[in-house]
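> Given the coordinates of chain A, assemble chain B onto it according to the supplied hints.
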Amino acid sequence: MPSFDAIVIGAGINGLAAAGRLAMAGARVTVLESAPAAGGMANLAHLSTGIDHRIEKALDLASHGLEWAEPNVASTALSASGNHLTLKGAFGESIEGTLSAADKAAWTALRRDLLGNAAALAPFKEMTPPRLARDHGANIWDLVRNGLALRRMGRDRLREFMRLMLINVHDVLEDELGDDRLKGLLAFDTVLGHHAGPRSPNSLLGLYHRISSRVQGRQAALALPRGGMTSVIAAMQKALSTRGVTLRFNAQVNTIRVDDDRVQSVTLANGDTLTADVVVSALHPATTLMTLVGAPQFDTGVVRRVQNIRSRGTTSRLTLKLKSMPDFRGANLRTRLVIAPSSRAVEEAFNAVKYGAFSPAPVMEIVIPGAFMPEADSDGPTLSALVQYAPVDLRMGWARGRGAFLKVIMEQLEAHAPGLGALVTSADLVTPADVAMRYGAPGGQWHHAELSVEQMLFLRPAIGMAQYSTPVRGLYLASAATHPGGGVAGSAGWNAAGQAIAGGGAA
Amino acid sequence: MSRYDAIIAGGGHNGLVTACYLAKAGLKTLVVEKNDWVGGAAVSRSLYPGFTYSNCSYVSSLLRPEIMRELELPKHGLQIIPYEGGAVFTQDGGYLAMYRDHDANRREFARYSQRDAENYDRYSRDVLRHCRFIRPLLLRTPPDPTSFRPRDLSELAYIGKKLFDMPEEDIYAMIRFWTMSISDFLDEYFETPVIKAYLAVSSIIGTALGPMSPGSAYVLLHHYMGDVDGNIGAWGYARGGMGSISKALMASFVAAGGEVRTGSGVAEILISNGRATGVALANGDTFEAPMVISNMDVKRTFLKHVDEKHLPPDFVKSVKRFKIRGSSGKVNIALDGLPTFPALPPDSPCIRGDLHFTDSIERLEHAYDDWKAGRYSRDPFLDMMIPTTTDPTMTPPGKHFMSCFVQYAPPKIEGRDWTDADRDAFGQTVLNQIEQYAPGFKNLVLHAEVRTPRELEAEVGLTEGNIFQGELTFDQLLFNRPVPGYAQYRSPIDGLWMCGSSTHPGGGVMGAPGRNAAAEILRSLKKPAIMGDAYAVL
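First to last, the protein sequences are chains A and B.
Numbering-wise, my numbering puts 241 at position 241 of the first sequence, and it's gapless, one number per residue.
Numbering-wise, my numbering puts 31 at position 31 of the second sequence, and it's gapless, one number per residue.
Next up, chain A with everything else stripped away, as it sits in the complex:
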């Protein structure tokens, strides 16, 4: 078993996943986190689409306290008139509410196809992206093998799969379904966390990314961890400590020292210097390479590519403390509540962000954890909402814009839950600008780098760095900006550690 020193920068889900895998390979691992606690941007999420199954198993998270308060959260497409639609089970196994028989049948068929296509893509998410060149044939066979495996779905299904590969979700919904509530919900799920509208070409991939994940083996399920998303992180921390990983908090890394194109050490803000054979950074690649290492260490082509990584965040998180449980016109609060009246409404909400403004009629998903876990509500119910869209660089400025954006969100909430405003005792709005500041994520993008096709697979996070490695030997990238992107799954960190172990133990 190799033995070497490894430093992981950032104790978010990917940093922790990388640390776990490195430790299991025999490395002495130190995780450096600038904040006083672990979790990073995982703290922004309020539901889980599942932890990478390899991590869940290898680190045995269940025995370290990971527990689901509800492993299969239903979704309610809210209607302003109270005519809600509830999708029960994973990705709407059954639908409750008034829906035409034609739409029910169409949904059954569409759901089957989408889940099938997403499942076929899951192996691509796990693999390390191949290099496309003749002299690097080794891991291209993973791609070829996964590609050939697609043929198993049969010719007609494969043709349909390829047609839908780079299509926009709006067209698919318009082609197949009639009900605006259902289409609105699906359009919202597709673009949540992305800088895209339902009509943006390629947008369907956003939905595939989401519904290819599994919770307890159940594809496309949404789960609420007992104790919230922080408990996922807590379980990871416990698992790591049993494997001897050291976590240092309030440890801000200022520089990564490189000599002769090889990583040497990292220096903290307090002046401490730690040497290591391997440094794995779960920070945004631009921060890692341009700020911590420094642009002068790289060729202009590399600098340009890193600077061109697009990271436009669009999602905000709103947390409201309430005096009592709200009433969304009778909607079951033990579900995820979605305000997205139609696919067109989601697209119109997206329009604003293209011009540096927030949506005048935002779309959002709402979770009230106390409805699932009464113990969470010792000081009154909390309402947590993920709201789209707002740009990181709001043209009117966030100092002025914060109040205005909060106002339109509250209007949207009030329209669906009359009287809600009067219940609010405190409101905390985390805008993309806040995310950028608080978590050091340039652009405040939830996937660090936008999860768009031109930044996927061997193009993620940038040309020449898709195998988690960098031009600096011993320095690896493990952030959500690497393949396969974010979503509090840890896959990127896990894969990155694998590459570090294969390529860069003690040299």
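One thing to keep in mind: the hints can contain errors.
Claimed, not checked - Below, computed lysine to aspartate or glutamate pairings styled on EDC-like, alpha-carbon distance capped at 20 Å: (1) B:K161 with A:E174; (2) B:K323 with A:D142; (3) B:K320 with A:E176; (4) B:K372 with A:E174; (5) B:K372 with A:E348; (6) B:K372 with A:D180; (7) B:K320 with A:D175; (8) B:K317 with A:E176; (9) B:K317 with A:D156; (10) B:K372 with A:D175; (11) B:K317 with A:E70; (12) B:K320 with A:D113; (13) B:K320 with A:D156; (14) B:K317 with A:D377; (15) B:K317 with A:D142; (16) B:K412 with A:E174; (17) B:K323 with A:E174; (18) B:K34 with B:E268; (19) A:K104 with A:E174.
Claimed, not checked - Now the stretches of chain B that chain A is said to cover, found in silico as 3 or more residues with beta-carbon under 8 Å: (20) 171–183; (21) 209–215; (22) 363–373; (23) 465–476.
For the record, the hints were derived by calculation from the structure and aren't laboratory data.
Nothing here was measured: the structure is a model prediction, and the numbers come from that model.
All C-beta atoms in this analysis are idealised placements derived from N, C-alpha and C, irrespective of residue type, glycine included.
Okay, now just chain B, sitting in the frame of chain A:
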């Protein structure tokens, strides 16, 4: 009743190209066309005394040189005259000039930004590289990636080899380019809004996408991959209007022994026992042939002119969801004299090129937002040209013909049909925009023809008025065009073929679909190869 070897339904330029090749191969070929003239959207029409209008397509670049050569179009009277670049007028009274000469452009960019001028070299090099990869694919039938037939496998291998022959980083750069938005792409090179606006428009012309829509960068290629006399990316006028292309094709066809019947279109494609047997025209005439090749778009062909009972239900479903979206209109104007644009220096050659008034990508994107909401753009993008500055044969001396391509215009206005009042208001929006930059322009207008998607569909037969016979998005390109499983110019019906822009590689006055269809047909008949390179490969 007459018998033919092949009947082409629709005399657009692609139909004529297919017809020429079939006739040259010795087939007794008939072209039937509903209008009294041929050419489809490549026409020259006299709509005002003494004036020739290119009233649909208006410039040429994409017409494949192989077709020009093999069909001897210059001999049949076709002449393409390259024109000088163009200009964008800015709202603050300035302008950005574009020239044919790279260095002249570079100097012009430097007026705005030294950095942009320097990056223009890198930009041009990168785009040209992407063009070089795609150009040879235009005249090849897309392989079916789900098939194990030797031809499909070897064609896939050919593309794979071409791809893997490139340096590794170029492969990535190209895949990236194909999938990103033109706005994001240009941001990686340029900082000046008006420069980005000028370069971005090639990515949206004819499509129902905005410059910020992913995939729009590919459409840029679609407008750059042509050439005039070997100059990749150059554009030119057809002397005598775009109809000269159709006229030359028609002459080539007739010289090869082909027959054309105009004035009555196909009412029904006749099918018996799963085989095409001929066509019945609207005027009651019927013609028999073992092969019918439809130049009409895929929706029109199969939803209007083929009885649904002959088609597999899955195919009909696919055709129904094929996206043909009208996104543009046209205003064609007869002018009493050349308008003056005070921003432009006198004697600037740019007046002979394409003139725009949209000086930022955001304005373009806003125009697209209007389209999404079912409205025509309040501040539309105009691609305005005055071809008579280069080709005086189209008007009386001293007079001019002006062609304005206008985007965006939806096929329906907020779900209802266009009315004449809508059309007139749409036309006024265009005239007002020009007047703003050329005071006194309106006084020069002798006649204006305003064409919305409604008029384009009614006259040319383009469903929804889409100039490409179908959106150029990835779900409808290559082996997906027009529908998966039928990308090789064939249909579910034996003997019924497709040769319009709904098929690979898509629209523009390119002729490639027509030539590719002919190659497939001749191959299926085991006829000797009468076309070079692409056909000879297998």
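> A separate judgement is required for each hint: does it hold in the structure or not?
Consistency of the hints with the structure:
1. B:K161 with A:E174: violated (38 Å)
2. B:K323 with A:D142: violated (34 Å)
3. B:K320 with A:E176: holds (11 Å)
4. B:K372 with A:E174: Distance ~14 Å between B:K372 and A:E174 Cα, so the pair holds.
5. B:K372 with A:E348: holds (9 Å)
6. B:K372 with A:D180: Answer holds: B:K372 to A:D180 is near 17 Å, not above 20 Å.
7. B:K320 with A:D175: Holds, at roughly 9 Å.
8. B:K317 with A:E176: Roughly 10 Å separates the two Cα atoms, so the pair holds.
9. B:K317 with A:D156: holds (13 Å)
10. B:K372 with A:D175: holds (16 Å)
11. B:K317 with A:E70: violated (40 Å)
12. B:K320 with A:D113: It holds: about 19 Å lies between the C-alpha atoms, which stays within 20 Å.
13. B:K320 with A:D156: holds (17 Å)
14. B:K317 with A:D377: The hint is violated at about 51 Å.
15. B:K317 with A:D142: Distance ~35 Å between B:K317 and A:D142 Cα, so the pair is violated.
16. B:K412 with A:E174: Within the cut-off at roughly 16 Å; holds.
17. B:K323 with A:E174: holds (11 Å)
18. B:K34 with B:E268: holds (12 Å)
19. A:K104 with A:E174: Given that 20 Å is the threshold and the Cα spacing comes to 15 Å, the pair holds.
20. 171–183: Holds: 8 residues of the region 171–183 of chain B have a Cβ under 8 Å from chain A.
21. 209–215: holds (count 5)
22. 363–373: holds (count 5)
23. 465–476: holds (count 3)
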